[in-house]
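One letter stands for each residue in the lines below.
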Amino acid sequence: MTLLNQVFDLYIDLNITLAITAVVWLSVKMMIARFGNKLAFSVQLGLLNGLFAIFALSPFVALAYQHLLVAEVVPPVMSVNLSDYAVSQYLRGGIAIPAEDFQSLLGLRARVTESILTLAPGFGIGVALFLLAGFAYFATRLVTSFVRLHRMLSACHSWRRLGNVHLLLSDWALVPFSARGLTRHYVVIPSDLLTESEDLKLVLKHEFQHLRQGDVAWEIGLELLRPLFFWNPFFYVWKSEVERLRELACDQKVTEGNGVDLKSYCMCLLRAAQSGLRKRQDQIAREQSSGIAAVALLEVQDRLLRRSPSQKLRRRIEALLDTGKFRPHWSVLSLFALPMVAVIFVTALSIQKPSDWSQDRIMLSTIINLDRMDRPTNLLGERPLR
Amino acid sequence: MRKRKSNEFLTEVELEFMTELWKLGEGSVRDILACLPPERKLAYTSCATIMRILDEKGFVESRKEGKTFIYSPRLTRDTYQSRSLRNLSEKLFDGTPASLVARLVDEYELSEDELEKIRALLDRRRTDDAT
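Residue numbers (the working numbering), protein chains in the order written: chain A, 1 to 386; chain B, 387 to 517.
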């Protein structure tokens with residue numbers, strides 16, 4: 001197997017694992033909603049980010065597990081493989097299709113991979129071009145966005161510096177937002193907010209909370225992955241969940257703090273939205289907006305296939321007014337999270353290619369050969385000898 | 387030396403500050419604060435930051451008198467008005483000032499006296515161009 005095959009296999013595995021991780025999260029979300037949606041948003045965000053970290057780790061875990069299996073540190077009976085399981089089910093009569101069709105089904109992924117990597121005319125070359133074009137488009141968009149963000153940060157006026165956090169004032173920012181470089185963190189405030197001291201305090205608390213939560217780093221990480229997962233709808237589901245929960249968690253943390261009035265905070269969000277919308281109408285401001293790879297106080301620009309900014313703001317305010325969320329003890333949370341982690345790791349392991357020919361596979365191969373031997377006699381219209 | 391940021395135009399708040407500074411001729415942050423309406427309730431530090439930004443943008447220049455910075459405008463109100471009008475004419479009226487003037491005359495109920503002044507201004511301009 002060539003290096004390209006291995007890399008492409010890893011890519012496909014990651015896409016499947018991402019889909020399963022997203023399904024696991026959506027199931028958990030449904031369960032949370034069934035129990036009255038009372039789990040604190042910061043806990044939900046922690047779970048979400050934790051699951052993503054598990055997803056990112058899954059290829060390494062799968063690789064380590066394969067090595068342990070080969071080295072016979074882990075007994076072969078503990079091997080987890082979806083295709084091996086399917087073969088054993090077939091041999092037990094659980095799957096009622098002809099052996100050759102079943103074999104063909106098992107080899108589907110290998111054939112598709114081969115067709116894409118060898119740029120086979122038709123499907124193979126079409127998919128390869130689609131993946132390459134999508135990667136190129138989203139990678140270019142990412143680079144452009146970073147350049148635009150860098151330009152915008154350079155055009156800002158330095159206001160204050162708190163450790164490695166630089167507070168900047170911008171004439172062009174639609175709404176306040178946070179960004180980061182390799183070592184520096186930036187909080188960008190529209191300069192007209194300087195004259196609204198109460199709103200300024202709340203906005204700074206909100207943006208500092210984003211920095212504490214590491215939201216900017218997560219945003220950059222997800223945006224870096226977009227060129228790879230651009231065709232995977234589960235990536236967009238995940239991204240939208242992260243965006244939703246990080247704002248809700250941030251709002252909740254800020255309003256739980258001392259001296260923050262819930263009503264004042266909601267009014268501050270409304271005023272920021274109003275001001276952002278007013279600026280959005282200005283063409284210059286729209287051209288200068290930072291786009292991606294930064295975390296904004298709120299959205300004021302419509303995005304394709306996404307809820308409108310006003311709907312999002314309404315949900316945030318409703319969530320803020322719905323108080324009384326609980327934070328379970330970390331041990332309870334770990335118990336809750338353990339099955340989710342297990343599902344992700346088992347998925348990552350089970351979709352790996354089987355390392356060796358098992359007894360079941362040899363049996364399947366024998367059945368297929370026997371079927372093939374049967375065929376000429378069938379063509380002659382005679383029944384094979386039993 | 388502080389880095390200059392190129393921005394030709396003033397934000398709403400900056401324009402409010404510049405308007406007061408044009409009236410004063412020159413002044414400190416406290417002088418400008420005193421001129422602003424009391425309901426603005428602006429913190430001294432915020433005003434000082436806005437003045438520093440104006441300095442960075444090159445709209446004002448500052449000199450130190452004791453511990454206080456005294457600011458004075460680097461461009462006149464007329465110059466800024468011309469710059470803003472030119473920008474408005476280019477961006478919103480496709481570079482045709484005549485459309486801008488037409489819209490102005492249409493939208494504002496100009497008095498007979500004001501119309502007369504405009505007419506006189508145009509006549510003077512025409513005479514100047516002829517000579």
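Just so you know, these hints were derived from the structure itself, not from any lab.
Each residue gets a CB set at the ideal place from its N, CA and C atoms; glycine is no exception.
Worth double-checking, as some hints may not be accurate.
EDC-like mimics (lysine to aspartate or glutamate), calculated; alpha carbons at most 16 Å apart, straight line [unchecked claim]:
hint, chain 1, residue 1, chain 2, residue 2
1, B, LYS427, A, GLU196
2, B, LYS427, A, GLU299
3, B, LYS427, A, GLU243
If you want the ones that stay clear, here's a sample from chain A, every Cβ over 10 Å from chain B, calculated [said to hold, decoys possible]:
hint, residue
4, ASP171
5, ASP192
6, ASP360
A quick look at each hint next to the structure:
no.	hint	verdict
1	B/LYS427 - A/GLU196	9 Å, holds
2	B/LYS427 - A/GLU299	29 Å, violated
3	B/LYS427 - A/GLU243	35 Å, violated
4	ASP171	5 Å, violated
5	ASP192	5 Å, violated
6	ASP360	71 Å, holds
Violated hints for the displayed structure, listed by number in ascending order: 2, 3, 4 and 5.
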